[in-house]
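Enquirer: Here's the letter readout for the chains.
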Amino acid sequence: MPGPLTPAVFHILLALAGGRLHGYAISKEILRQTGGQVQMGPGTLYGTLQRLLDLSWLEVSEAPGDEDERRRYYRLTGLGRRALQAEVHRMDSLVRAARTARIKIPKPRAT
Amino acid sequence: MNAAPPTAATHLYKTLLYLYPAAFRQEFGDEMVCDFDDGTGDAWTAGGWPRVFAFWTIVSADFMWTVLIQWLRSGWPVLIAISATWSLSCCVLLAQQFVPRPELRTPRNRTEEEMMLMMLSAVVVFVLIAVTIIVTAAFWALVVRRTRRA
Numbered sequence: 001m002p003g004p005l006t007p008a009v010f011h012i013l014l015a016l017a018g019g020r021l022h023g024y025a026i027s028k029e030i031l032r033q034t035g036g037q038v039q040m041g042p043g044t045l046y047g048t049l050q051r052l053l054d055l056s057w058l059e060v061s062e063a064p065g066d067e068d069e070r071r072r073y074y075r076l077t078g079l080g081r082r083a084l085q086a087e088v089h090r091m092d093s094l095v096r097a098a099r100t101a102r103i104k105i106p107k108p109r110a111t
Numbered sequence: 001m002n003a004a005p006p007t008a009a010t011h012l013y014k015t016l017l018y019l020y021p022a023a024f025r026q027e028f029g030d031e032m033v034c035d036f037d038d039g040t041g042d043a044w045t046a047g048g049w050p051r052v053f054a055f056w057t058i059v060s061a062d063f064m065w066t067v068l069i070q071w072l073r074s075g076w077p078v079l080i081a082i083s084a085t086w087s088l089s090c091c092v093l094l095a096q097q098f099v100p101r102p103e104l105r106t107p108r109n110r111t112e113e114e115m116m117l118m119m120l121s122a123v124v125v126f127v128l129i130a131v132t133i134i135v136t137a138a139f140w141a142l143v144v145r146r147t148r149r150a
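Just so you know, the protein sequences line up as chains A and B, in that order. Quick note: the first sequence, position 25, residue 25 per the working numbering, numbers continuous. Quick note: the second sequence, position 22, residue 22 per the working numbering, numbers continuous.
Bear in mind the hints are in silico, worked out from the structure with no lab data behind them. What you are looking at is a predicted structure, and each value in this text was computed from that prediction instead of being measured. All C-beta atoms in this analysis are idealised placements derived from N, C-alpha and C, irrespective of residue type, glycine included. Treat the hints with caution; some may be incorrect.
The calculated label-pair distances, taken between Cβ atoms and stated as ranges, are [claimed, not checked]:
1) B:PHE53 - A:LEU55: 34 to 40 Å
2) A:SER56 - B:LEU19: 25 to 31 Å
3) A:LEU31 - B:ARG25: 22 to 28 Å
4) A:GLY36 - B:VAL131: 47 to 53 Å
5) A:GLN37 - B:ILE134: 42 to 48 Å
6) B:ALA23 - A:GLU69: 19 to 25 Å
7) B:VAL143 - A:ARG90: 25 to 31 Å
8) B:ALA9 - A:GLN33: 24 to 30 Å
9) B:ARG51 - A:ALA86: 34 to 40 Å
10) B:SER121 - A:ALA86: 57 to 63 Å
11) A:SER61 - B:THR7: 27 to 33 Å
Construct the entire structure; sequences and hints are all you get.
Expert: This is the structure we're talking about:
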């Protein structure tokens, strides 16, 4: 997947950076990380998870013993972690370039 | 706000999942139903019916878009079926406008001429259908390739 990551891919990789999560927990973590701005529906979430599994950026992990059997846990692979790091580095470079150009970055509104 | 929202919505969502391609539904269907259930429950706890309806609206819009995306990813048979249906509809409409329709009248000595005109019209229509199917299928294949690349 060359080039910038799509927002859905980036949010999922970022949500999993802290450890393994199941699907609903991923969407809740995305909601928390974006301050309620991004609410991912199940179709988008699992469609993107499918693509990331195909790319081997994610793998299915073992669930804790007491969890619902229908839920699967996902975690980043080494490949996925490197892709996330590359994307963060790319965004960081862009922000630095914007600051160098003295573009004012507005402060986020209090929610 | 102590009563839980009805689970009829969950049953309805589970039924709607059958509109997804079988492979996708078999792999993720159970998890999607769980997420819908938990999401509805959390929305109810957070703000009752208004939040539940807001959640269902988001899920419905997501559903309609992702069903199309998943079917486009599913492969050629679906592309051909969609292309053929679309092409046939367009060609029938075009044929009605531009291809002359032979008059239906009692047979005369000019029956052979009329028969040839009808056969020529049919050939033109079939060629139009074939060309449109090929062009439409090529277009959708390009869309799928671009979607996969993204």
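Enquirer: Hint by hint, say whether it matches the structure.
Expert: These are the hints, each one checked on the structure:
no.: 1; hint: B:PHE53 - A:LEU55: 34 to 40 Å; in the structure: holds, 36 Å
no.: 2; hint: A:SER56 - B:LEU19: 25 to 31 Å; in the structure: holds, 29 Å
no.: 3; hint: A:LEU31 - B:ARG25: 22 to 28 Å; in the structure: holds, 25 Å
no.: 4; hint: A:GLY36 - B:VAL131: 47 to 53 Å; in the structure: holds, 50 Å
no.: 5; hint: A:GLN37 - B:ILE134: 42 to 48 Å; in the structure: holds, 44 Å
no.: 6; hint: B:ALA23 - A:GLU69: 19 to 25 Å; in the structure: holds, 21 Å
no.: 7; hint: B:VAL143 - A:ARG90: 25 to 31 Å; in the structure: holds, 27 Å
no.: 8; hint: B:ALA9 - A:GLN33: 24 to 30 Å; in the structure: holds, 28 Å
no.: 9; hint: B:ARG51 - A:ALA86: 34 to 40 Å; in the structure: holds, 37 Å
no.: 10; hint: B:SER121 - A:ALA86: 57 to 63 Å; in the structure: holds, 60 Å
no.: 11; hint: A:SER61 - B:THR7: 27 to 33 Å; in the structure: holds, 29 Å
Of the numbered hints given earlier, the model fails none.
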